[in-house]
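K.L.:
Sequence:
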Amino acid sequence: MQLDKFGKLNFSGSASIHPFTGSNEEIQKSIKTEIFELFDKCKDNVNNLANDTFIYPFLQMGVFDIKQEVQFLKNLFNKEENIKEINLITAYFNLCDEYADWMLQKRSFLVNIVFGSPRTNGFYGGTGISGSVPLLYLQNSLDFIRKSKGTRI
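When we follow my numbering, the leftmost residue of the sequence shown carries the number 78, and every step to the right adds one.
None of these hints come from the bench; they were simulated from the model. Be aware that a few hints might be false.
[What the hints assert, rightly or not] No farther apart than 25 Å at their CA atoms in a straight line, the calculated lysine-lysine pairs in the DSS-like style are these:
(1) K82 to K118
(2) K161 to K106
(3) K224 to K183
(4) K151 to K183
(5) K109 to K85
(6) K151 to K226
(7) K118 to K85
(8) K144 to K106
(9) K156 to K224
(10) K85 to K161
(11) K161 to K151
(12) K226 to K156
(13) K144 to K109
(14) K226 to K183
(15) K144 to K118
(16) K224 to K151
(17) K118 to K106
(18) K144 to K156
(19) K106 to K85
(20) K109 to K151
[What the hints assert, rightly or not] Computed Cβ-Cβ distance ranges for the label pairs, DEER-style:
(21) G208 to K85: 21 to 27 Å
(22) K156 to E111: 28 to 34 Å
(23) E162 to L115: 28 to 34 Å
(24) F186 to K85: 50 to 56 Å
(25) L165 to E103: 34 to 40 Å
(26) D81 to K156: 47 to 53 Å
Beta carbons: idealized from backbone N, C-alpha and C, even for Gly.
Based on the sequences and whatever the hints tell you, model everything.
P.N.:
Dropping the structure here:
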């Protein structure tokens, strides 16, 4: 869907549902379909895990019923075979309780977590309540570090 020079929406591809007049369910289904079509076009041979490093981008867009992040992390942390070490890298450290529980379970592999400094957060130095967001991420990380004492994190 594109906006032309007159401000009119032109539909292309599978985007045939108007975002304002279409039903929420139809719009969500259409967006989910388009996102997965894009992912399918971009897939490399992700099933070839002969190497020791695997980089996997995923999406979490619950409103569109896209829950790749949850599914991937649940599978990852419930898997033991052939895993020696996991490196999780994120801009914002904001684990939900479910993720933290999976990570804190006793396991044989090491989990390293790398996350951005509060100063690299787009809200850093912001005014109002948004300026506190980086400190909340920092507090989340400190709480998790305390909980993880004695584990392989």
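K.L.:
Next step is simple, just say for each hint if it's right about the structure.
P.N.:
Results for each hint:
no.: 1; hint: K82 to K118; in the structure: violated (30 Å)
no.: 2; hint: K161 to K106; in the structure: violated (38 Å)
no.: 3; hint: K224 to K183; in the structure: holds (13 Å)
no.: 4; hint: K151 to K183; in the structure: holds (15 Å)
no.: 5; hint: K109 to K85; in the structure: holds (23 Å)
no.: 6; hint: K151 to K226; in the structure: holds (22 Å)
no.: 7; hint: K118 to K85; in the structure: violated (29 Å)
no.: 8; hint: K144 to K106; in the structure: holds (14 Å)
no.: 9; hint: K156 to K224; in the structure: holds (22 Å)
no.: 10; hint: K85 to K161; in the structure: violated (54 Å)
no.: 11; hint: K161 to K151; in the structure: holds (17 Å)
no.: 12; hint: K226 to K156; in the structure: holds (22 Å)
no.: 13; hint: K144 to K109; in the structure: holds (11 Å)
no.: 14; hint: K226 to K183; in the structure: holds (12 Å)
no.: 15; hint: K144 to K118; in the structure: holds (19 Å)
no.: 16; hint: K224 to K151; in the structure: holds (19 Å)
no.: 17; hint: K118 to K106; in the structure: holds (18 Å)
no.: 18; hint: K144 to K156; in the structure: holds (19 Å)
no.: 19; hint: K106 to K85; in the structure: holds (23 Å)
no.: 20; hint: K109 to K151; in the structure: holds (21 Å)
no.: 21; hint: G208 to K85: 21 to 27 Å; in the structure: violated (39 Å)
no.: 22; hint: K156 to E111: 28 to 34 Å; in the structure: holds (30 Å)
no.: 23; hint: E162 to L115: 28 to 34 Å; in the structure: holds (31 Å)
no.: 24; hint: F186 to K85: 50 to 56 Å; in the structure: holds (54 Å)
no.: 25; hint: L165 to E103: 34 to 40 Å; in the structure: holds (35 Å)
no.: 26; hint: D81 to K156: 47 to 53 Å; in the structure: holds (49 Å)
Taken one by one, the earlier hints fail for this structure at numbers 1, 2, 7, 10, 21, listed in ascending order.
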